[in-house]
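Peer 1: Listed below are the residues making up each chain.
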Amino acid sequence: MKKRTLLSVLISCTIVLSLVQIVVSHSLSIVGVHLTRIDGEMEGLRASNEFLKHQIASASAITAIAEQAQSNGFSSAEYRYFELPPVAMRSDN
Amino acid sequence: MYRLRFIFVMVLLAFTVIWVRLFYWQVLSHASLQELADAQHFYRLEIPAARGDILAADGTPLASNQTAYLVFAEKINIPEPEQIIPTLAKVLNEEEASISSRFAENDRWVPLKHHVEEEVAQELRNLELAGIGFEREDKRYYPEASMAAHLLGFVGKNEQGENQGYFGLEGMYDKDLQGKNGFLRQERDAAGNPIIIGKTERIEPKNGRALVLHLDKTVQFIVEEELKKGMERFGAKAGTVVIMDPRTGGITASASYPSYDPSIYWKFPEEFRRNPAVADTFEPGSTFKPLIMAAAIDERIVTPEDTIDESGPIKINEYSIRSWNNEYHGTLTMTGVLEYSSNVGMVQVAQKMGSSRIISFLKNAGFGKKTGIDLQEETEVFLRADDEWRDIDVATVSFGQGIALTPIQMVRAIGAIANGGKLVKPQIVKKIVAEDGEVIEMKPAVEGQLYKPATAWTITNMMVAAVNQGVLKRLVPEGYRIAGKTGTAQVPVEGHYDADKTIASFVGFAPADDPKFVMLVTLREPETSPWGSTTAAPIFFSIAEELLTYYGISPQ
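Protein sequence lines correspond, in order, to chains U and Z. Here the first sequence is numbered in this note's numbering, starting from 1 and rising by one per residue. Here the second sequence is numbered in this note's numbering, starting from 1 and rising by one per residue.
Keep in mind that the hints were calculated from the coordinates and are not lab data. Just so you know, these numbers come straight off a predicted model, no measurement behind them. All C-beta atoms, glycine included, are put in the ideal place defined by N, C-alpha and C. Among the clues, some could well be false.
[As the list claims (entries may be wrong)] Here are the simulated lysine to any residue pairs, SDA-like style, with alpha carbons at most 25 Å apart: (1) Z:Lys139 x U:Val23; (2) Z:Lys199 x U:Val23; (3) Z:Lys229 x Z:Lys431; (4) U:Lys53 x Z:Glu299; (5) Z:Lys228 x U:Gly44; (6) U:Lys53 x Z:Gly330; (7) Z:Lys206 x U:Val23; (8) Z:Lys228 x U:Ser58; (9) Z:Lys206 x U:Ala77; (10) Z:Lys175 x U:Arg46; (11) Z:Lys267 x U:Arg46; (12) Z:Lys422 x Z:Glu299; (13) Z:Lys229 x U:Met42; (14) Z:Lys206 x U:Gly40; (15) Z:Lys229 x U:Glu67; (16) Z:Lys139 x U:Lys3; (17) U:Lys53 x Z:Glu327; (18) Z:Lys516 x U:Ala77; (19) Z:Lys139 x Z:Lys229; (20) U:Lys53 x Z:Ala434; (21) Z:Lys431 x U:His26.
[Said to hold, decoys possible] In silico contact screen, one side only, chain U against chain Z (beta carbon under 8 Å); selected entries: (22) Lys2; (23) Thr5; (24) Val9; (25) Val33; (26) Leu35; (27) Gly40; (28) Glu41; (29) Gly44; (30) Leu45; (31) Ser58; (32) Ala66; (33) Gln68; (34) Ala69; (35) Ser71; (36) Gly73; (37) Phe74.
[Claimed, not checked] To be clear about the criterion: a stretch of chain Z counts as covered by chain U if any three or more of its residues have a C-beta under 8 Å from a C-beta of chain U, and this derived list gives those stretches: (38) 56-68; (39) 139-153; (40) 187-200.
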């Protein structure tokens, strides 16, 4: 009786451990797929960041702004105005 | 018995052969087999380091990186290339014949186009053409196109096919900008996915350091626009403007024409690539006079009120030195010598100084050696040996003839008048910033006291007087004190001076009482007039007027 119990416990353990091994192996192999996907996403985001950085640099280039200003009708100032520092005034009150 | 022995020997022999073979495979061939197995299990990738950005003083990029791709074809996967060639040619903006010729090559893998931008690559990806692949191949990007091209330099390929900076900052700081590539070695399964419990070695790339410059984009833009307009107006063959902050030696702008676009540098002649501000020399002519005059005042040999006689040409041995316009003014003060740009007066000052003092001054002012500016192509201009100075050489150097110097040397020397006598090292880079936040500040370097502060102030006033006299007076923006000096030097050709070819120049600083900038303008062979006062000076004052407004300096 004792022997049969021991045998059935051993068989159950073997089955459970085999299943655990299958599950763990499966999940590990899935992690590899996830890692590949995450690497791909990272590369995509990096490329996208660089592309946006490039777009911003192009749009904010002083030469591009000058061209845009000229096409919008702006030109160099003919007269220059200077803001003088405040001067202390005497109050007559 | 014999049979048994025979079988025993045969078995022994068979086992020996197996052992020998196993020894061969497992010991002798271990390394090569391991390598073969690793090649199947391990994925290797060099992770490229991003080249560091070059940033203007306000932190906006002057040089950066742009994602680009090498588009290639795997011919084995393209059964009928003729069907996709027209589409490829259209999207890649290439001739159909050019793409066809690539397909005609014998290789299985053929490159179709390098440095294809993200938008174009995406358009091709969307077409889902079989056998067409993409490999990342970043390229250098200059958002301001050709602006400050001579300062920036460009990135090309070296003999090993690797990216390398040439000329300007790209060349000078190539090692800092390049960074160090990383490396990934990862065990992967048959599907190419990483094995999480497998071996992984990863060395992260060390991206290049960023350079933050003293260069102000707005000032650079003003300078380039005005120089371009001025060169067209005066018909000059070439022109250079350099602007330096006299307190720090920081170069806020530097422009030269003709120029080039660093992103397509190969389309321009090679001689356009070097920076004339540091690589070309010129005879400074009269712009050199304030330097010699300052040296004479500093040594207490003359004072601004001392007088000389300018009643006619002056004889030096067999040579006769005339005034620039053949006009003579009789008795002149030292201030008058600068105002009238008197060669005769300067020769008399040089004679009072003597050759040893002049040579010593030239050396102290840094002529005869590099300024040490952080640009790759700075030229070393040598002074003649001490015992080779003849009387005529000492005489002519007093009015800027018979001496060659680079524009940056001239700006630095005049900067010493503007900043109270200190000879500062000109610098392009203000700081170097690493990816991990480490900052290396390039502190201003004072290399010596060229003049006493009182001398610098005296000569400043004499230069202001020189500007407020004659044709220059109308150019000076109202309400400002600007110190300056014109120069017109003939171009030496085969041992003599060509009377028709001149280098017109103007050097000065503003505001004279608290200078914000020192500026040199040079024009090579202007057609409308040979004189610095009517060509280089108008450009100087146009730029100065814009800069005074930009810096918010109001008129007095």
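Peer 1: Now tell me if each hint is right for this structure.
Peer 2: To see whether the hints hold, each was checked on the structure:
1. Z:Lys139 x U:Val23: It is violated: about 46 Å lies between the C-alpha atoms, which goes past 25 Å.
2. Z:Lys199 x U:Val23: holds, 22 Å
3. Z:Lys229 x Z:Lys431: violated, 33 Å
4. U:Lys53 x Z:Glu299: Distance of about 56 Å is beyond 25 Å: violated.
5. Z:Lys228 x U:Gly44: violated, 42 Å
6. U:Lys53 x Z:Gly330: violated, 66 Å
7. Z:Lys206 x U:Val23: At roughly 39 Å apart (the allowed maximum being 25 Å), valine 23 (chain U) and lysine 206 (chain Z) break the hint.
8. Z:Lys228 x U:Ser58: This hinted pair holds, its Cα atoms lying about 23 Å apart.
9. Z:Lys206 x U:Ala77: Distance of about 47 Å is beyond 25 Å: violated.
10. Z:Lys175 x U:Arg46: holds, 24 Å
11. Z:Lys267 x U:Arg46: violated, 31 Å
12. Z:Lys422 x Z:Glu299: Given that 25 Å is the threshold and the Cα spacing comes to 16 Å, the pair holds.
13. Z:Lys229 x U:Met42: Not OK: lysine 229 (chain Z) and methionine 42 (chain U) at ~48 Å, beyond 25 Å, violated.
14. Z:Lys206 x U:Gly40: With a Cα-Cα distance of about 21 Å, the restraint between lysine 206 (chain Z) and glycine 40 (chain U) holds, given a limit of 25 Å.
15. Z:Lys229 x U:Glu67: At roughly 16 Å apart (the allowed maximum being 25 Å), glutamate 67 (chain U) and lysine 229 (chain Z) satisfy the hint.
16. Z:Lys139 x U:Lys3: Given that 25 Å is the threshold and the Cα spacing comes to 74 Å, the pair is violated.
17. U:Lys53 x Z:Glu327: Violated. Lysine 53 (chain U) to glutamate 327 (chain Z) sits at ~61 Å, over the 25 Å cutoff.
18. Z:Lys516 x U:Ala77: holds, 22 Å
19. Z:Lys139 x Z:Lys229: This hinted pair is violated, its Cα atoms lying about 32 Å apart.
20. U:Lys53 x Z:Ala434: holds, 19 Å
21. Z:Lys431 x U:His26: Roughly 52 Å separates the two Cα atoms, so the pair is violated.
22. Lys2: violated, 39 Å
23. Thr5: violated, 36 Å
24. Val9: Given a least distance of 29 Å, the restraint on valine 9 (chain U) is violated.
25. Val33: With Cβ-Cβ at 5 Å, under 8 Å, it holds.
26. Leu35: holds, 5 Å
27. Gly40: With a closest approach of 11 Å, the glycine 40 (chain U) hint is violated.
28. Glu41: With Cβ-Cβ at 15 Å, over 8 Å, it is violated.
29. Gly44: Where the cut-off is 8 Å and the nearest Cβ of chain Z is about 11 Å from glycine 44 (chain U), the hint is violated.
30. Leu45: violated, 12 Å
31. Ser58: For serine 58 (chain U), the interface hint holds, since the closest Cβ of chain Z sits about 6 Å away, which is under 8 Å.
32. Ala66: Status holds, d = 7 Å.
33. Gln68: Since chain Z brings no Cβ nearer than about 14 Å to glutamine 68 (chain U), farther than 8 Å, the hint is violated.
34. Ala69: Violated, about 12 Å.
35. Ser71: violated, 16 Å
36. Gly73: At about 18 Å, which exceeds the 8 Å cut-off, the nearest Cβ of chain Z leaves the hint on glycine 73 (chain U) violated.
37. Phe74: violated, 14 Å
38. 56-68: Answer holds; 6 residues pass the 8 Å Cβ test.
39. 139-153: Satisfied; 5 residues make the cut.
40. 187-200: Since 9 is at least three, the answer is holds.
Of the numbered hints stated above, those contradicted by the structure are hints 1, 3, 4, 5, 6, 7, 9, 11, 13, 16, 17, 19, 21, 22, 23, 24, 27, 28, 29, 30, 33, 34, 35, 36, 37, listed in ascending order.
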